[in-house]
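Participant: Residue numbers (full-length UniProt numbering), protein chains in the order written: chain E, 1 to 414; chain Y, 1 to 414.
Some hints here could point you the wrong way.
A pair holds if it fits inside one copy or across any two, identical chains being indistinguishable in the list.
[Said to hold, decoys possible] Only pairs whose alpha carbons sit at most 27 Å apart, straight line, appear in this in silico DSS-like list of lysine-lysine: (1) K411 / K119; (2) K382 / K244; (3) K300 / K173; (4) K326 / K300; (5) K228 / K101; (6) K50 / K228; (7) K160 / K411; (8) K5 / K50; (9) K173 / K312; (10) K172 / K404; (11) K411 / K101; (12) K50 / K300.
Because the hints were derived from the structure by calculation, they are not lab data.
There are 2 protein chains.
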Amino acid sequence: MKNVKAEIVAVGTELLLGQIANTNAQWISDELASIGMNVHHHAVVGDNLKRVENQFRVSQERSDVIIITGGLGPTEDDLTREAFQEITRTPIIEHKPSMDKIESFFEERKIAMTPNNRKQARVFAGSDVIENQTGMAPGMMISHEGRTWIFLPGVPREMKRMMRDSVLPYFKKQHGAGSVIKSVMLRFIGIGESTLEHELSDLIKQQTNPTIAPLAQNEGVAIRLTAKADSDDEAAAIINRAKKEILKRTGHYYYGDDDETLTEKVFNLMQKNNLTIGAAESLTGGQFTDKLTSVPGASKVCNGSIVCYDAKVKENVLRVSSDIIKQQGTVSEACALAMAENVRSLLDADIGISFTGVAGPESSEGQSPGTVFIAVHDQSGKRLAEKFNFQGDRQAIRRRTVLKGYELLFKLLN
Amino acid sequence: MKNVKAEIVAVGTELLLGQIANTNAQWISDELASIGMNVHHHAVVGDNLKRVENQFRVSQERSDVIIITGGLGPTEDDLTREAFQEITRTPIIEHKPSMDKIESFFEERKIAMTPNNRKQARVFAGSDVIENQTGMAPGMMISHEGRTWIFLPGVPREMKRMMRDSVLPYFKKQHGAGSVIKSVMLRFIGIGESTLEHELSDLIKQQTNPTIAPLAQNEGVAIRLTAKADSDDEAAAIINRAKKEILKRTGHYYYGDDDETLTEKVFNLMQKNNLTIGAAESLTGGQFTDKLTSVPGASKVCNGSIVCYDAKVKENVLRVSSDIIKQQGTVSEACALAMAENVRSLLDADIGISFTGVAGPESSEGQSPGTVFIAVHDQSGKRLAEKFNFQGDRQAIRRRTVLKGYELLFKLLN
């Protein structure tokens with residue numbers, strides 16, 4: 001879409017009161033950037049009919065594509081439809097498939113449907129309705145005086161699903177022949193953003209096609225390669241050449257492309273090798289296993305775990321010897337190793353992994369928050385234990401511990 | 001500042017590319033709300049002179065106070081000053097104290113100052129200069145045709161310091177005495193947004209002070225009450241009167257105010273009653289326990305859990321009888337009850353809770369995704385088990401199962 005000017009408008013007073021940040025606009029912008037569309041404006045306006053109307057007028061004036069998030073719900077505060085109708089005179093009709101879905105939702109739950117729920121099934125006449133797979137109010141796409149308007153719910157999960165299933169494919173099709181944009185994310189673990197950038201600095205400086213952008217991620221770092229070409233094949237070839245050169249230098253830290261998570265990578269490596277795992281989780285409280293079981297088909301790999309938050313559970317269920325607990329404490333290499341070994345045999349798994357440490361905010365057993373031991377015990381009798389000092393608050397320490405566990409397994413299995 | 005309309009404009013292409021979220025706007029909005037100023041718009045515009053000018057014209061037209069973040073740095077991309085000059089013809093001069101500071105910064109570090117750094121000391125003639133305590137470019141406040149313009153750096157640390165030291169005190173002084181705004185969120189579980197709104201529709205229709213806004217949340221729903229008054233006490237009294245009336249009708253579903261989560265509420269109820277809990281988690285894979293252990297001090301309440309993802313673990317570790325597993329399956333009321341009872345005794349807890357079901361995407365044991373049993377077994381011998389049919393994908397089903405577990409505990413303990 002050459003030189004298309006896109007704009008993202010969020011409707012919702014909670015944003016103007018500072019209760020949440022406009023992460024929807026960030027996410028959509030990132031997606032549009034990856035297919036080469038230019039976002040020129042973000043706007044946020046509250047749940048006030050007159051002001052939403054005025055914002056929509058400004059947007060209609062200056063942008064080719066206007067993406068609206070929010071204001072489609074059942075309450076009287078939800079005014080997006082009304083504002084667009086006010087300035088365009090587009091009739092609003094009830095969308096039967098959406099209404100049927102809403103009614104059956106309430107029927108199945110045996111809850112009386114209140115009348116305001118009907119509102120969520122109302123759509124603009126002549127619009128392309130986007131089905132809501134994860135909620136009630138459908139999205140809509142409609143043209144108005146040369147502009148494309150796209151209406152999406154404000155709930156991030158619903159919005160993202162509609163963007164992925166309907167809106168982004170539509171934009172890609174609009175591209176037409178001739179100009180293809182292809183983007184790939186290369187994902188790395190165990191290397192920092194600045195080191196990665198340093199290793200690739202000459203490539204990054206020379207970049208034109210593909211562009212090479214290092215990005216810090218929640219899990220490790222990533223490099224986004226974006227190629228423009230006349231065909232899919234050509235764009236793929238441009239990306240593959242650059243990818244090869246990058247992995248020649250940093251392949252040691254590379255674990256996957258695009259949406260692949262480190263958890264999925266570890267899952268796939270275990271499945272390929274026919275291995276099962278059991279975890280003993282203390283400070284991580286089940287988070288390691290929660291992540292693993294979020295992968296469909298997890299039962300092939302994950303036997304389960306013992307969350308031994310209480311020292312008594314370490315002793316009575318995991319059978320860590322009371323000598324270790326008394327003399328070295330639960331936050332110790334010896335305890336971590338015993339946990340890994342014993343959970344492996346208790347859960348009859350090929351690999352046992354354990355996490356013990358201090359999440360904070362208080363110190364524990366004289367050790368400061370962030371002190372963490374992770375141990376692994378595998379079917380060949382190999383044992384390893386590492387000590388870490390993680391920074392951050394309680395949630396960050398727990399999150400980093402889990403991520404490090406997956407990093408250790410990745411190194412072990414890769 | 002009665003009925004002052006404020007607007008926050010961020011200048012920076014990185015926001016439009018989705019590289020960062022506009023958390024500056026969130027932070028500023030939250031601060032302004034706390035002193036009773038109404039923010040009517042957020043806007044984001046890229047580093048492009050023409051577009052920044054146009055955005056500034058729109059803002060000058062519609063808002064009384066315009067706060068700009070970003071675009072004051074040393075590079076050619078930093079265009080905030082130029083855009084404002086272009087539309088207002090305000091002369092720009094060098095601010096000697098700022099220039100001295102920049103020069104001594106480079107001298108102290110024995111780095112040659114590149115010429116573009118002079119740009120950072122340039123300010124509007126006639127503006128109130130806000131010293132930058134933590135960086136280089138100063139901020140500015142200036143009036144233009146009845147509007148107040150405030151220019152701040154985009155670096156959050158620098159922006160926040162200037163807001164706290166200079167801008168917020170200035171606004172409070174403008175206020176004069178009186179006029180306080182106070183906002184409270186009331187949180188509910190087990191009732192839908194539309195039903196809640198229906199129950200309170202007359203109150204919502206009559207609302208003036210406080211305003212009453214229902215909001216869908218990740219965990220249940222919430223109602224935001226916002227009061228304006230001449231004093232803190234008066235605002236609190238207005239909110240309390242409305243809260244009382246709302247809870248008279250819907251108090252059964254109410255669990256807490258403001259940032260309190262349902263997990264924290266359950267944690268607090270258990271702590272108050274000196275109760276401990278152990279969980280047996282199948283489809284939820286540790287997520288229930290992960291949430292509970294995210295609360296600081298979790299060890300007082302949470303003994304641990306058995307994540308029995310594999311049927312063998314249900315049988316061998318949790319000692320669910322093989323008869324139950326063979327005849328009724330692992331996705332059954334009998335299995336859920338046995339899991340809850342056995343995990344309670346195995347982990348020596350007061351309450352045992354269990355989760356078993358089908359997360360999908362595939363069916364399991366002839367049951368379709370979303371079929372879930374949750375059981376609770378408590379110290380008095382009370383047992384309960386409920387069957388649910390949750391909608392959504394694998395992650396949604398697991399998330400809803402965990403939330404429902406907390407809802408059941410809340411009902412049990414409240």
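Participant: A separate judgement is required for each hint: does it hold in the structure or not?
Facilitator: Hints versus structure:
For the homomeric pair K411 and K119, neither the shortest alpha-carbon distance inside one copy (53 Å) nor that between copies (31 Å) is at most 27 Å. For a Cα distance limit of 27 Å, the shortest separation of K382 from K244 qualifies neither inside one copy, at 33 Å, nor across copies, at 62 Å. Taking the shortest alpha-carbon separations for K300 and K173, neither the intra-copy value of 38 Å nor the inter-copy value of 57 Å comes in at or below 27 Å. In this homomeric assembly, K326 and K300 come within 27 Å of each other (Cα to Cα) only across copies, at 20 Å, whereas the closest approach inside a single copy is 37 Å.
For the homomeric pair K228 and K101, neither the shortest alpha-carbon distance inside one copy (41 Å) nor that between copies (41 Å) is at most 27 Å. Proximity of K50 to K228 under the C-alpha cut-off of 27 Å is restricted to the inter-copy arrangement: shortest distance 22 Å between copies versus 39 Å within a copy. In this assembly of identical chains, the alpha carbons of K160 and K411 never lie at most 27 Å apart, being 32 Å within a copy and 33 Å across copies at closest. In this assembly of identical chains, the alpha carbons of K5 and K50 lie at most 27 Å apart whether taken from the same copy (25 Å) or from different copies (14 Å).
When the C-alpha separation of K173 and K312 is checked against a cutoff of 27 Å, the pair qualifies neither within a copy, at 60 Å, nor between copies, at 49 Å. In this assembly of identical chains, K172 and K404 lie within 27 Å of each other by CA distance neither inside one copy nor across copies; the values are 37 Å within and 40 Å between. Neither within a single protomer nor between protomers do K411 and K101 lie at most 27 Å apart by alpha-carbon distance, with minima of 47 Å and 29 Å respectively. Proximity of K50 to K300 under the C-alpha cut-off of 27 Å is found in neither arrangement, the shortest distances being 56 Å within a copy and 52 Å between copies.
The structure is inconsistent with the numbered hints 1, 2, 3, 5, 7, 9, 10, 11 and 12, although it conforms to all the rest.
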